[in-house]
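**Student:** Each chain, written out:
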Amino acid sequence: MTPTRKLIAKIGSVGTALALGTAGLAIFLIIWTLASARLGNAVLLPSPLSVFETYGELISDGSLAGDVRASLVRVIAGFLMAASVAVPLALILAYSRILRGLVMPLIALIRPIPPIAWIPLAILWMGLGDPPSYFITSVAAFFPIFLNAFAGGTSLQQEHVNAARSLGAGPGALLVKVMLPSALPMIVTGSRIGLGQAWMAVVTAELIAAQSGLGYMIQVSRLSLETSRVLVGMTVIGLLGALMIGTLSIIERRVIVPWNYPR
Amino acid sequence: MLHVVEGRQQPDPTESQDVTPRLRVEGVTVSFDGRQQAAVDDVSLSIAPGEFVALLGPSGCGKSTLLNVFAGFRAPSSGKAFLDGQPLTGPSAKCGVVFQKHSLFPWMTVLENVAFGPRRLGLQDPRGIARELLDTVGLSDVANAWPSSLSGGMQQRVGIARALATRPPVLLMDEPFGALDAQTRALMQEELLSIWDKLRPTVVFVTHDIEEAIFLADRVVVMQALPGRIAREFQIPFDRPRSPEVMDEPAFIEHRREIADIIRVEARKSFL
Numbered sequence: 001m002t003p004t005r006k007l008i009a010k011i012g013s014v015g016t017a018l019a020l021g022t023a024g025l026a027i028f029l030i031i032w033t034l035a036s037a038r039l040g041n042a043v044l045l046p047s048p049l050s051v052f053e054t055y056g057e058l059i060s061d062g063s064l065a066g067d068v069r070a071s072l073v074r075v076i077a078g079f080l081m082a083a084s085v086a087v088p089l090a091l092i093l094a095y096s097r098i099l100r101g102l103v104m105p106l107i108a109l110i111r112p113i114p115p116i117a118w119i120p121l122a123i124l125w126m127g128l129g130d131p132p133s134y135f136i137t138s139v140a141a142f143f144p145i146f147l148n149a150f151a152g153g154t155s156l157q158q159e160h161v162n163a164a165r166s167l168g169a170g171p172g173a174l175l176v177k178v179m180l181p182s183a184l185p186m187i188v189t190g191s192r193i194g195l196g197q198a199w200m201a202v203v204t205a206e207l208i209a210a211q212s213g214l215g216y217m218i219q220v221s222r223l224s225l226e227t228s229r230v231l232v233g234m235t236v237i238g239l240l241g242a243l244m245i246g247t248l249s250i251i252e253r254r255v256i257v258p259w260n261y262p263r
Numbered sequence: 001m002l003h004v005v006e007g008r009q010q011p012d013p014t015e016s017q018d019v020t021p022r023l024r025v026e027g028v029t030v031s032f033d034g035r036q037q038a039a040v041d042d043v044s045l046s047i048a049p050g051e052f053v054a055l056l057g058p059s060g061c062g063k064s065t066l067l068n069v070f071a072g073f074r075a076p077s078s079g080k081a082f083l084d085g086q087p088l089t090g091p092s093a094k095c096g097v098v099f100q101k102h103s104l105f106p107w108m109t110v111l112e113n114v115a116f117g118p119r120r121l122g123l124q125d126p127r128g129i130a131r132e133l134l135d136t137v138g139l140s141d142v143a144n145a146w147p148s149s150l151s152g153g154m155q156q157r158v159g160i161a162r163a164l165a166t167r168p169p170v171l172l173m174d175e176p177f178g179a180l181d182a183q184t185r186a187l188m189q190e191e192l193l194s195i196w197d198k199l200r201p202t203v204v205f206v207t208h209d210i211e212e213a214i215f216l217a218d219r220v221v222v223m224q225a226l227p228g229r230i231a232r233e234f235q236i237p238f239d240r241p242r243s244p245e246v247m248d249e250p251a252f253i254e255h256r257r258e259i260a261d262i263i264r265v266e267a268r269k270s271f272l
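As they're listed, the protein sequences go chains A and B. Residue numbering for the first sequence follows our numbering, beginning at 1 and increasing consecutively. Residue numbering for the second sequence follows our numbering, beginning at 1 and increasing consecutively.
It is worth saying that the hints were derived from the structure and are not from the lab. Among the clues, some could well be false.
Derived DSSO-like pairs (lysine-lysine); straight-line CA-CA distance at most 30 angstroms [claimed, not checked]: (1) 177(A) - 94(B); (2) 80(B) - 94(B); (3) 101(B) - 269(B); (4) 101(B) - 177(A); (5) 80(B) - 101(B).
Values in this document were obtained by computation on a predicted structure and should not be read as measured data.
Using the sequences and the hints, build the whole thing.
**Tutor:** Written out as structure tokens, the structure is:
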């Protein structure tokens with residue numbers, strides 16, 4: 001196939017995907033509109049249009065931007081804290097059999113505890129506000145990142161180690177130039193899952209332990225029966241989550257592990 | 001400019017009985033846990049500078065294990081290994097290694113794979129060295145490609161270029177063409193001979209292909225299985241540079257028949 005034809009085919013397939021996606025969304029909105037008209041109760045199910053109007057209000061009075069910022073900061077802080085502990089720890093454990101034996105059983109016991117179960121302790125230790133939210137989001141992001149990075153670290157091929165050593169690589173170069181890049185695809189996969197988990201956890205944390213953010217906004221609007229505000233909160237979470245994970249996928253393909261996606 | 005010139009200054013290997021062998025093992029035994037028979041049992045072998053030696057034998061005869069001892073990847077259970085008269089302590093950039101497959105770093109471009117060794121050794125202009133070697137193996141065009149986008153034959157040529165980039169006096173090759181189809185394999189053998197003619201490194205070439213061993217090597221060391229020992233050695237007399245026509249000569253066919261007889265007996269032994 002010539003490059004031009006390839007490009008046309010690519011644009012064509014992107015166009016088809018876009019058209020189908022838009023159609024699916026439109027069908028969903030139509031069903032939603034019909035259902036809310038039939039129900040006739042704005043507290044139980046407001047129409048998409050009124051949710052759209054609420055978007056306008058919350059954007060113009062600046063409160064939506066404030067809530068989004070508060071939640072985003074918590075997610076990113078928690079995610080970064082989790083990643084900066086999980087990745088080095090996973091690679092060290094993949095490298096050392098003794099440390100692995102010491103730590104892995106502990107991890108297996110802590111992992112099944114859902115992030116939400118940590119909230120009481122987090123509030124007791126840190127009070128209300130940002131710190132418990134950082135804690136909860138990092139707990140949520142930690143395990144996917146750690147487990148994937150560990151799998152990446154242990155899947156290192158002996159041929160690559162041998163080849164590097166016979167080319168003059170010492171222990172430092174082995175770790176940085178061979179082990180880390182070899183685990184990188186799995187680290188990125190773990191990060192993408194971890195980011196999604198952190199984003200879900202921040203809402204949970206804010207429902208209970210914070211006084212700002214999208215989760216808090218949903219909670220307050222529920223108490224005052226402003227359901228269209230609840231739906232604004234929910235849809236913003238959906239949109240931003242999809243946007244963040246999509247961006248990370250693009251960065252992954254183009255910048256972090258381009259060799260896994262040869263074009 | 002060529003990198004490995006050391007082999008050229010050495011006398012012709014067939015006449016050089018009294019120079020220090022480039023590689024030597026003495027009574028080397030390698031046993032694996034949980035196996036009764038040693039993979040390599042009391043093997044002694046000397047390889048002269050610039051010599052091209054093929055280790056030939058059925059699977060399980062310990063030829064790859066012996067190569068791993070030469071490379072420093074595996075310490076012998078008993079016995080000694082020497083490189084240039086010095087005891088071997090581990091892998092070093094003095095021995096370039098070409099693996100059977102899947103050894104290129106997938107996270108580096110072809111050029112960076114080849115430049116990896118020169119970078120580790122702190123040589124001047126690693127990318128320049130890499131470009132030159134890619135040119136030697138005829139792959140300048142794909143310097144910036146990812147290894148995964150290359151064919152098997154191209155990947156092995158990159159593997160050879162990468163092993164040569166540290167200018168090693170020794171090239172260890174572990175069934176490097178074993179995973180290639182017959183046509184590519186024949187082309188790669190000729191390619192290897194022409195590179196070897198230019199650079200003259202000492203080569204230890206592990207294979208289970210009898211014709212490949214005779215076509216390439218100055219000396220064919222036939223190994224036997226269970227336990228892994230040297231069964232017989234053959235000096236291969238054909239002039240260099242060699243062309244594939246040498247395979248039709250009566251002496252070639254005679255060698256092939258003789259070696260095939262030994263291998264058949266050995267292969268049956270480990271088969272039963």
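**Student:** If a hint holds in the structure, say so; if it doesn't, say that too.
**Tutor:** Tested hints:
no., hint, in the structure
1, 177(A) - 94(B), "holds (20 angstroms)"
2, 80(B) - 94(B), "holds (18 angstroms)"
3, 101(B) - 269(B), "holds (28 angstroms)"
4, 101(B) - 177(A), "holds (20 angstroms)"
5, 80(B) - 101(B), "holds (28 angstroms)"
The structure fails none of the hints (numbered hints given earlier).
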